[in-house]
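Take a look at the letters that make up each chain.
There are 4 protein chains.
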Amino acid sequence: MIKVGIAGASGYTGLELIRLSVNHPEIELSVLTSETYKGKPISDVFPSLNGIVDIELQSLNSEILKACDVVFLALPHTAGMDILPQLLGSGCKVIDLSADYRLNDAEAYPEWYSLTHTHPELLSQAVYGLPELHRQKIKTAQVIANPGCYPTSVILALAPLMNTDWVDLNSIISDSKSGVSGAGRKPSLATQYTEVNEGLSPYGLAGHRHTPEMEQELSSLAGKPIKISFSPHLIPMSRGMLSTVYINLKKKFCDDDLIQHYQKFYRDEYFVRVLGKDKFANSHSVAGSNFCDIGIKIDERVNRLVLTSSLDNLIKGASGQAIQNMNIMLGFEEKTGLQSPALFP
Amino acid sequence: MIKVGIAGASGYTGLELIRLSVNHPEIELSVLTSETYKGKPISDVFPSLNGIVDIELQSLNSEILKACDVVFLALPHTAGMDILPQLLGSGCKVIDLSADYRLNDAEAYPEWYSLTHTHPELLSQAVYGLPELHRQKIKTAQVIANPGCYPTSVILALAPLMNTDWVDLNSIISDSKSGVSGAGRKPSLATQYTEVNEGLSPYGLAGHRHTPEMEQELSSLAGKPIKISFSPHLIPMSRGMLSTVYINLKKKFCDDDLIQHYQKFYRDEYFVRVLGKDKFANSHSVAGSNFCDIGIKIDERVNRLVLTSSLDNLIKGASGQAIQNMNIMLGFEEKTGLQSPALFP
Amino acid sequence: MIKVGIAGASGYTGLELIRLSVNHPEIELSVLTSETYKGKPISDVFPSLNGIVDIELQSLNSEILKACDVVFLALPHTAGMDILPQLLGSGCKVIDLSADYRLNDAEAYPEWYSLTHTHPELLSQAVYGLPELHRQKIKTAQVIANPGCYPTSVILALAPLMNTDWVDLNSIISDSKSGVSGAGRKPSLATQYTEVNEGLSPYGLAGHRHTPEMEQELSSLAGKPIKISFSPHLIPMSRGMLSTVYINLKKKFCDDDLIQHYQKFYRDEYFVRVLGKDKFANSHSVAGSNFCDIGIKIDERVNRLVLTSSLDNLIKGASGQAIQNMNIMLGFEEKTGLQSPALFP
Amino acid sequence: MIKVGIAGASGYTGLELIRLSVNHPEIELSVLTSETYKGKPISDVFPSLNGIVDIELQSLNSEILKACDVVFLALPHTAGMDILPQLLGSGCKVIDLSADYRLNDAEAYPEWYSLTHTHPELLSQAVYGLPELHRQKIKTAQVIANPGCYPTSVILALAPLMNTDWVDLNSIISDSKSGVSGAGRKPSLATQYTEVNEGLSPYGLAGHRHTPEMEQELSSLAGKPIKISFSPHLIPMSRGMLSTVYINLKKKFCDDDLIQHYQKFYRDEYFVRVLGKDKFANSHSVAGSNFCDIGIKIDERVNRLVLTSSLDNLIKGASGQAIQNMNIMLGFEEKTGLQSPALFP
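Chains as they are written, first to last, in the numbering used here: chain U, 2 to 346; chain P, 2 to 346; chain R, 2 to 346; chain G, 2 to 346.
If you are wondering where the hints come from, they were derived from the structure by calculation, not from laboratory data.
Do not take every clue at face value.
A pair counts as met if it fits within one copy or between any two copies, since identical chains are not told apart.
Simulated pairs of lysine-lysine, DSS-like, Cα-Cα distance not exceeding 27 Å [stated by the list, open to error]:
no.: 1; residue 1: 265; residue 2: 67
no.: 2; residue 1: 278; residue 2: 39
no.: 3; residue 1: 228; residue 2: 251
no.: 4; residue 1: 41; residue 2: 228
no.: 5; residue 1: 41; residue 2: 225
no.: 6; residue 1: 228; residue 2: 253
Extracted from the complex, chain U is given alone in its bound form:
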């Protein structure tokens, strides 16, 4: 059995990693860390785990993590930036769910995250863990920068178009909507029940930190620099994410042309489902699963493509994708532990 460590086990992505691990036949949980709850069993923090996983939480410490085969860093941004190099030195495979190693360009960190990266030399070593684009590199990687939830939804929606000459690459807009769990478990006024329920809140318009991550991958696919408008919105629901992506078409297509193109592009991708004509992606169909659904619709009156892309922000947008990356790195069947359909209703 593969020994797994999770740093930051008492957050939501930590819990989701644990839940998925319980359903995974090839791994065993070995170390769980939490600063807030150290010394307590994880099942005190999350009573859903009672009798299933009762491991005691430890303080974060690279020494104890080094004994693991794989370590997931499910920490707030920057909290694991200096831990990661220590783990690499010991031969652990590391999957970092934060943004710390996602951007190739160290200069982007001061601009978008207001910080100086402490290990810029490792940025080129970290593989951006979107299996549908980078599977070959993931296979042999030692460190994975696990993608953000918004970027996963947007990049998968646009990838099949990026190296065609069918679209106006200056016209990309992603209007994205997310459930609240993406904000993590730390209490704040903005995510209090009463502040979210029955409300619709745009935030971070024209400046959200996930923008450079999307632009990095889209530019790489297109072979030239791409800038997009990205508008996140907070929605009164716990899980699920939907990106409605707009891009102008440069010639006439019918829906079926593009649907076939997408189906062909993703034909070997189990976790990406291209929907049929006049179907739109819906978060219900994916919440609780590792799927990303993509709907394709041309607004013919204005010759603009409207893509809908949905996923579970904690699974395909975080912990499920992390497990998928682990499966690839360790040579397991990629779907292992990830086959459950969405939980609905």
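Chains P, R and G: place on chain U using the hints.
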């Protein structure tokens, strides 16, 4: 006291008209109709009205409505199309909350509503009841076509830009999100609690019926034909609506330039609130009130304007705007009965 | 115009007092205090008030409050305990929404609130502000201890039975359910959106602080000491409260007997609505209003009465009742500013 | 592989049986029926199943079901009453999720369900499928009457006390709260989003159909007839159920006494988790899993026991328990396919 009749009193816009009427000092409810519940007091249908409004519901009948000074038609689309002309003949003022008389062009009905209009001759007589644009005409109108909720949010967001040369009129996209009450009270699978809760659903992309209504008003303001992309989404909440509207800028502005322009444009409009720099419209600030909030933000990296426009779909998006129109038609202070701030949380 | 001060204006009961004041023709807001947001306009804290109430928040200070005719203390428990006596000395009428002056017995504070009361001599002066029971005393009171939300729902449900010999006074159980706004606006893990949504949580079973308040009033009505079981539950909704109250009957009744008894008991009470046969109280019918609805149903197989009592925890359970008390104290019509029906849906 | 048929696959319990089957290594879905959607793939009805289960739905027909080893009847009450005997004749094992065969006494059907049972002779053959009470009989049963969701939560909470002399058996009250999915997928006004959201609704007080089912099992355990008060409430959430159960104690206990008694009673039951001192059951800890959590708290001031019992109404309250029963009947490890912890948040 002005005698008021409401046709379709047992729907949500009907109930909201009643609730607002209770708070209005100049009017009295005289006739309430409902086919489903005729013979019952309205307070049997909506126990919230117990002891406040217990009027018996009657079957819809133009004769009984004619005795009213003002009649609100809060009926499903087409149900009142032939009632309205009968009421006009008797001298009633009529405010129609349906789409039946909103479009000037009779030819648009077969295209967007799959029906032939039975009274095309009246379309020019009906005034589109958006007071911020058509107040003078509303004052003397006998029949008001009360705007749809989505159009109100989108038109108010864009109106100040339409006759400038600052924007690319071919680039307009409105990504709109609505609570469920906009779908009315008739049971359907799509609006069952379990089908909506914890879900995010786009619908009617590239073909929603509110599109021509928006285009009609925007084209009129711009003085030339305008086509937009309109993408509605169903959100798990009961009330409230947000439109995030995108339009490309043709020259460089800073946020404050446009904010000042909007504030000047709406300086005499009590119910339109232009937000300050880096503030985005949020449905919480308007739900339960007749306000429309508009936020202004330039995405400078791509020189695109991102507008946020929020309102309560049942108030400024329906019944509150109808009362506002009535106030104007009858010479009351426009705010009468509409001054309550939003209910939060 | 009566000058009103609100200490603690940036909390939810503070906001609700402001909203209700806007709709009240006889009062004007004069002083609003907030420690967290002092120096900012209240509309920065609650954008719903933009353009309606933009008063600047001040630090809490008894001197500035003394210039008001009426002061509402909408503070956390104990925060106003020592302010209140200072205000009384200046002749202000004070309505305290906290529990600080609700219990007649100073000894109950160490037991239930883990504190020693600093002004036990004032407890007998403070009138428990439940108008349906204590209207005469409220008229001439200078200080009102405004009831808790749970106690209001439970006491009103049971009051008509307390001095009959129809019921077993040892059998009272209130299983109560509340929306989240009752917990206030201070961020905490337990009231984060993701921790509440899609969840049902009992809390404080067999020990909640509202118990002695209910027992005090019920005992007073019965003329002997009464103990009850009180079980609060947190429900995923923002507003509204329902208490399902159980009490064993000592003889046979039919539903109509008791309904008539209740209707007679509350015949002069506008804000208490006794429902008809086979109707149960529902939070929807009262949320957004100052009503308390009471449903009456006998479980004949076991001869137990099941009462349902619903109210809006922020209105009849807090700020609305406070305004009702103010109206009585100042000789206004009791319903002034409180006539709006519930907001539904 | 065991061939499984599901009659009524397009309802919520049908979908949940499919979802759980996907995670079960020993069975294969063979026949799915639906009258509403016959001829369509199940993944058209539930897009969450796209690419995972695309079986075509057939009209309900006992002939095609007979080829299955196990048939789940996930039909509305009475719809399968006459199908079941036909399947038994062919040797199928049948697990009926409806109430049709739950009551031993045929006379109870006219009283509680307003119908005459068409096969009273089979009532004694059907085993009430609560494994914690009837595992031995389930092992050899051919037909299982799968318990209702409310009864499962209440019976498991009370079972350890029924044959003690510690409690007053005339004092039992269950105040139960349920998410909306328990009402099924058929559209109705009462379960529309806007009618449920932000609302708390008692229903069926003193007369709900699940009462005789609870009384049957509790009486059997106690060895004498027991009557209870049962009060269901509809809560604005999709999944989850909580019963707060009250029973008077006849002698003094401390919490730990009863907790130990419960832990001993359920020591071999994986799916029943007895919580520790001062912990209350919460729907979050069980939703998405097959667990039932039970919290134990004595209200010492009145010597009354307050039990909290939570489960997922669609899993331990329906489809999960049905799979658990199937596992027992077929000799599989009882937990097979049911080991996933709750999905939270």
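| Structure-inconsistent hints, enumerated in ascending order | Those not satisfied are hints 1, 4, 5.
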